[in-house]
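Student: Put together the whole structure using the sequences plus the hints.
For the protein sequence lines, the chains are D and S, in the order given. Here our numbering is used: the first residue of the first sequence is 1, the next is one more, and so on. Here our numbering is used: the first residue of the second sequence is 1, the next is one more, and so on.
Don't take every hint at face value.
[Unchecked claim] Only some residues are given here: those of chain D computed to face chain S with a beta carbon under 10 Å:
1) Val24
2) Arg28
3) Tyr33
4) Pro41
5) Leu45
6) Val46
7) Asn52
8) Phe54
9) Phe102
10) Lys103
11) Ala108
12) Gly109
These aren't lab readings, by the way, just hints derived from the structure by calculation. We put the CB at the ideal spot given by N, CA and C, even for glycine.
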Amino acid sequence: AQKVTQAQTEISVVEKEDVTLDCVYETRDTTYYLFWYKQPPSRELVFLIRRNSFDEQNEISGRYSWNFQKSTSSFNFTITASQVVDSAVYFCALSDSSTGGFKTIFGAGTRLFVKA
Amino acid sequence: KAGVTQTPRYLIKTRGQQVTLSCSPISGHRSVSWYQQTPGQGLQFLFEYFSETQRNKGNFPGRFSGRQFSNSRSEMNVSTLELGDSALYLCASSPGLNQPQHFGDGTRLSIL
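Tutor: What follows is the structure, given as structure tokens:
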């Protein structure tokens, strides 16, 4: 079955704190793609990162970093030194062909509040 | 480069009516996907089109349909509207399979 679980519904932190958003996925495919998207308040979803199933290398981009672990089927996202502008809903997504033809399934999202 | 454009932005309909939503993808993008976003269900996949062919469909009733034109523009249609169809409908385009998607602002549909 194809599934993405973001267990954290809402997270509230104070500016400059580090925060990790969890994402656990399920798939029968050996070839799949994982994504993170950000949806600021009243704004469109914005792509952040894509990982394919053969690339477990962690990635850092500025204050953002991603930890992909196939052994635990997780693709977690960490924001270092959070800022108020990071306040948004963050979605983890999985694209695979387990249902016949690739389609993208999104997690329920984690709403992040960063307080000044 | 212009982003994904969805029209209209807001729509109010009554039960039993039908509605057509439009999406213009980013120039050069041949894949268009549609999603329904609600507070309770989150983002749910409706369908995806590539080169005028529907490649995949989510678990929605047949009242939901779509199509893609030769210029990659896409429309989705919902017939016999129900109260539960009230949602934000998002369109996303990408250059191809498993590529990052670029989302439009959505069409907010309210059913009275």
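Student: All the hints need checking, so say for each whether the structure fits it.
Tutor: Checked hints:
A hinted interface residue such as Val24 of chain D counts as satisfied when its beta carbon comes closer than 10 Å to some beta carbon of chain S; here the least separation is about 15 Å, so the hint is violated. Taking 10 Å as the C-beta cut-off, the interface hint given for Arg28 of chain D is violated, the closest approach to chain S being about 16 Å. Interface hint status for Tyr33 of chain D: upheld, as the beta-carbon distance to the closest one in chain S is roughly 5 Å, under 10 Å. Interface hint at Pro41 of chain D: violated, since its Cβ lies 13 Å from the closest Cβ of chain S, which is beyond the 10 Å cut-off.
With 10 Å as the threshold, the beta carbon of Leu45 of chain D comes within range of chain S, its nearest partner Cβ sitting at about 4 Å, so the hint holds. The closest approach between the C-beta of Val46 of chain D and any C-beta of chain S is roughly 8 Å, which is under the 10 Å cut-off, so the hint is satisfied. For Asn52 of chain D, the interface hint holds, the least distance from its beta-carbon to any beta-carbon of chain S being 8 Å, beneath 10 Å. For the restraint placing Phe54 of chain D at the interface with chain S, the shortest Cβ-Cβ distance is roughly 13 Å, beyond the 10 Å limit, so the hint is violated.
Evaluation of the Phe102 of chain D hint against chain S yields a held restraint, the C-beta minimum of about 6 Å falling below 10 Å. Look at Lys103 of chain D: its Cβ gets to within about 4 Å of chain S, closer than 10 Å, so that hint holds up. At about 4 Å, the closest approach between the beta carbon of Ala108 of chain D and any beta carbon in chain S falls short of 10 Å, and the interface hint on this residue holds. Nearest Cβ of chain S to the Cβ of Gly109 of chain D: about 6 Å, under the 10 Å cut. The hint holds.
Of the numbered hints listed earlier, those contradicted by the structure are 1, 2, 4 and 8.
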